[in-house]
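**Student:** Each chain is listed here by its residues.
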Amino acid sequence: MSLFKNPFDAGTSLGACPCGAHRSLAEHNAEYAALQRQAELETAADEEKRLTNAVDQAVIRAILPDDMTRRRVLHAIGAGTLLAALEQAFPLATAREVFAQGKSGPLEKKDLKVGFIPITCATPIIMAHPMGFYSKHGLNVEVIKTAGWAVIRDKTLNKEYDAAHMLSPMPLAITTGTGSNPIPYTMPAVENINGQAITLSMKHKDKRDPKSWKGFKLAVPFDYSMHNYLLRYYLAEHGVDPDTDVQIRAVPPPEMVANLRADNIDGFLAPDPVNQRAVYDGVGFIHILSKEIWDGHPCCAFAASEEFVKTMPNTYQALLKAIIEATAFATKAENRKQIAEAIAPANYLNQPVTVVEQVLTGTFADGLGKVQKVPDRIDFAPFPWHSFAVWILTQMKRWGQLKGDVDYKKVAEQVFLATDAAKLMKEVGLTPPSATYAPATVMGKTFDPAKPEEYIASFKIKRV
Amino acid sequence: MRLSFRLRAAILSVALLAAFLAAWQLGTMGGGAASDIDPEYAKLMGQTAVTGKSAMPGPLDVGKVLWNHIADPFYYKGPNDQGIGTQLAYSILRVGIGFGLAVIVAVPLGFLIGLSPLFRKALDPFIQVMRPVSPLAWMPLALYTIKDSNISAVFVIFICSIWPMLVNTAFAVANVRKEWLNVARTLEVGTFRKIFRVILPAAAPTILTGMRISVSIAWLVIVAAEMLVGGTGIGYFVWNEWNNLSIANVINAILFIGVIGMLLDQLLGFLTRLVTYPE
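Protein sequence lines correspond, in order, to chains A and B. Take the first sequence: its position 12, counted from the start at 1, is 12 in my numbering, and no numbers get skipped. Take the second sequence: its position 249, counted from the start at 1, is 249 in my numbering, and no numbers get skipped.
Hints may be right or wrong, so weigh each one.
Keeping only pairs whose Cα atoms sit at most 16 Å apart, straight-line, the calculated EDC-like set for lysine to aspartate or glutamate is [unchecked claim]:
#, chain 1, residue 1, chain 2, residue 2
1, B, K43, A, D263
2, A, K203, A, D366
3, A, K370, B, D38
4, A, K109, A, D66
5, A, K217, A, D263
6, A, K291, A, D379
7, A, K205, A, D266
8, A, K214, A, D241
9, B, K77, A, D243
10, A, K409, A, E453
11, A, K373, B, E40
12, A, K159, B, D148
13, A, K370, B, E40
14, A, K113, B, D148
15, A, K409, A, D366
16, A, K451, A, D405
17, A, K462, A, D243
18, B, K147, A, E160
19, A, K337, A, D379
20, A, K217, A, E160
If you are wondering where the hints come from, they were derived from the structure by calculation, not from laboratory data. Predicted, not measured: the structure shown is a model, and the values here were computed from it.
With the rest of the complex left out, here is chain B (with noise of 0.2 Å):
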């Protein structure tokens, strides 16, 4: 039954994207051409303008663009004129290195303060001032004093995945069921013991949540970062074809972004069932 009951998931899932397909076929076609323009002046205008061709490309046409960029994903046709597949490392790169220095400072602190209440409240208000700002806010200050667009951009991912990770961990860190702390404690465990063989373990599900929702901040927030500060990545990619007004190409990579945040989404949600413990 339970098969079935999979299969026929699959077998609407199957039926709603083709109906999607067909509509966004059918609603895309041209109006036929139209007569009355100087064939001179038809030369020099696009096809939107001509033909009463949509502006919205057809599935197929987004789906022959999308072959073109798997089949060649790594060329180089200049700075500016990168692959999709280069295109998206340098974003993943990114994300990668904002991302990592994040765990190494959310981590840490958010279990001082999870530890110390003098911590928490002392540092409170600072973190509910930071934590809603957007992170793009951020970009002119970064541009401003870091002096380096690159860095610039891992920088805000720094900054906007941290406070996911940073309450995460201070809030599991916190809320270690007081039974096994008193256990260590009538064992006379030493501090950085307790730390790591009890609090850690315990708080680990809590903290790869955390880290799992501070990534897919960060994977959204470098598209828009990217389209900011330009050069490379797939933000960079949305942009120059956005110029180009190749709407084409920007479902396209707007494929490819839902396809790789679901990946590290899928990542940080295999990690975190490895910790989880039963209780």
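Chain A extracted, bound-state conformation (with noise of 0.2 Å):
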């Protein structure tokens, strides 16, 4: 709770550091931590010093870092001296306002229509409906379901949806302009890592070498889509061109089932719970979990336009925050029961739970006659590592969906928006990493974001 320390009180140690007047550190450090901790209370109940207190200590503790020299300076001309000198030289008064702002200002919309997909990925968009995380933050959100990621794309363009859920590839498809017009557009918060499989018709039950499948008709939901990269490198990997040895074709999330029981399509790799439901109704196997092609992939994302953020800077705040909270509070197994009871209705996913309770957690049929139990076979995490969106840039421009340089880096930091999640996800309790970037190893082969076209020249099958 060092936040709460006022940095301007002489006494206040920020390090470990005795002051000499007593006769043990022991007895210097209960006095004051007595004295502190009744401080403290009395601030953190006033929302407004202690917003002032963490913005001064932060300034402070820049400009002095050493605690010594910080307390000489403070007893030799006192706080309210050393404070008028900084505010000559740094604007503390508007660094208090903008910090104060992103925390409790008045929000400048309250109804808000977020856009989902009826599929678990969406978990955390969906689930702060009926349990509260959106109007724990004053806002009156509806979510509203759609039939697919073009026509989601379409109206939050449109602006009928004020935020949504999509495949995080698409903000960076909108944004580079890849399939629509280029509108800025940004990713605050990815929603989930895993949770995809690849689910097979039940007559090629022996067909499990992907060596085999020549020929194959499958199915991914969007063309900008982790499923379609993911997919077609797990192809190429085991030397399949996933554009001439098979067919590849985007089908709606909630049209793959019927059609692979229509023998339209001989499999996917899609979100649950298409998979699981493939499975219930007996029409289809789970060949393997996408955890196992890359461990920790980000699959879907909360999206926003960059003007939404932008014009509207508390409410995305509180939206961004209901968000992650709910992320933090999917991520525990222990929740999951629960969660998976309250997005099965109708309104929401429309499946039956124990569909959506065997894909939470984890404890599902794989259409073979086992029962596998896998905890981490779906996992949300709100972080929006920059090096993902690197990543699935680099997959873009090797399928040829990418033409001409990249700038990578840029397109990355624009859109992925890591510093605010990395805020608000401290303000909840969550730890976000201290880096942006991260190798990731797929299929055994390592990623190196600083290398992406390196990373690209190593493929032996691409469109480059």
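Combine both chains into one complex, guided by the hints.
**Tutor:** Given below as structure tokens:
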């Protein structure tokens, strides 16, 4: 709770340091701890003072990083003088105001519409409604079920939706103008990691080796989806060319099981509950979970236009915080059953509760007569790693969706708003990572986000 | 004799229905439980996969769902889950607005084309090209330009119902019997009086027939349009239940769509009879 300490109180110890006025360090600490605890409690109760102190402390620490020096200066000239001197050089008042606005400023808009596709990836966005995360932040959010990715994109671009559930490559595609007009788009939070699977029709029970899949018709939810890139990656690593050896088509998730039953497709790499639903109805089996391709891959995301983020910063912060809180709640295994019951009804996913529960708890029937237990089948983690964006961009380029030179870093950092997410994650008690780039391992092959071009060049099957 | 003929037809109708329902029930009965499945695994699986029950619901299942819908047609459990009555009302409203706008545009334009050979020749190529375009093909363009999914759906209804009315009106106006126009000319009737007192009554039955065709098409199209756009309406209801693979609900929706479509057609048929004159 060191954020609540008053940095202008000369007695405040920000580090471990005895003042010399006491007989022992323990005595010194005990006395000051009692005093400080009381001051902290009082300060914490007073929101404005708390914020003021947090900002002041951050600034003073930056200027006088050494505790001894800071205290000597305070002794010599006093807190008021130092503060006045600082005001000259640094707009402390503005900094306090800006910070305070982000926390508790008036909401520009209370009634929001957020679009979603009925899949478990959208769990944080959906559950925040029945479980009250939106209303906790003073927002009256209507979550609207939408028929497909193209429609959700158009409705968000039309501003019928204030924000939406999207596939994490979509904001990148919209911003770069791939498959639509370029419109600056942002992705403040990832929703889920893992949680997808390759499901095959029951008649292919014995064809577990992708090399035998030539001529298959496979479905993915959208061209600009992790599903598309993961499936292509998986096939290519097994020497199957995803463009010439098989046919990959975009089918909206809700229509996949019906198509699999009708024998229109041989299988799909799809979000849940589609995979589990195919098993539940006895039309397919789960070949592999997507975590076997890349453990910890991002999938769906919470997205909003840059315009929304800029014109309604308070609403945006409140909304994002509600979603990050919901995500934090969803991460805990013990909450998963409760969530499954909350999001299964017709207003949300419209699926049997047991199907949703199998997906979220990771204890599921695989369609081949076995019960598997994979607790991290799906997980929820909001941090939008810039390296995720770079990986997605390399695959967009690898498969010819993105032409010409790409400034990977610039696009990644423009679209994936890691700073906002990190700040709000801290506020809800999560620990954001300190870096925004991290290498990943996809099917045993290392991806270094600093060398995207080399990464693309290292693939045998590509369309560059 | 006439009454007994109708009676016989009615008996045959009922018999056909009964035979159909019986065949349906027999065809969808389960094949009995499969015994060699691990019970823990079976608990996680659906009825279809475990007991070999057909994925197709029987008439009794459908009847049960139908009863639930009729018992509570206007419930509201959030924006994505509303009663079937509410959904049908949304669809009828959209069709009503789109169709109404189409009437306002198509009838005057049809008169113009019918009365003026110059306009007929000039507009003909446009009409011939636009008429066969599937109304749903307009959807992406509408969404992109209008930037509102509700208005886009109404626009699609408008564009699909305009053509039959336009063509029928133009045809009817152009083919008013020459004798009647000559009589009007002999009596030196003014242009507007001629249009409203001679041509309109003469053309009305054909115009109404055009409207009857239009409203049927509009009702066909709204289901597809709402499946595409989502949100509300009977088309969204079908899509949402398809999503859940709930065939019983989809069959119910088909039933409701059929009944409403029939009522709309009957309404226009009734209006047509009102304006029909004996020659």
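**Student:** Could you tell me which of the numbered hints above are not met by this structure, giving the numbers in increasing order?
**Tutor:** 1, 4, 9, 15, 20
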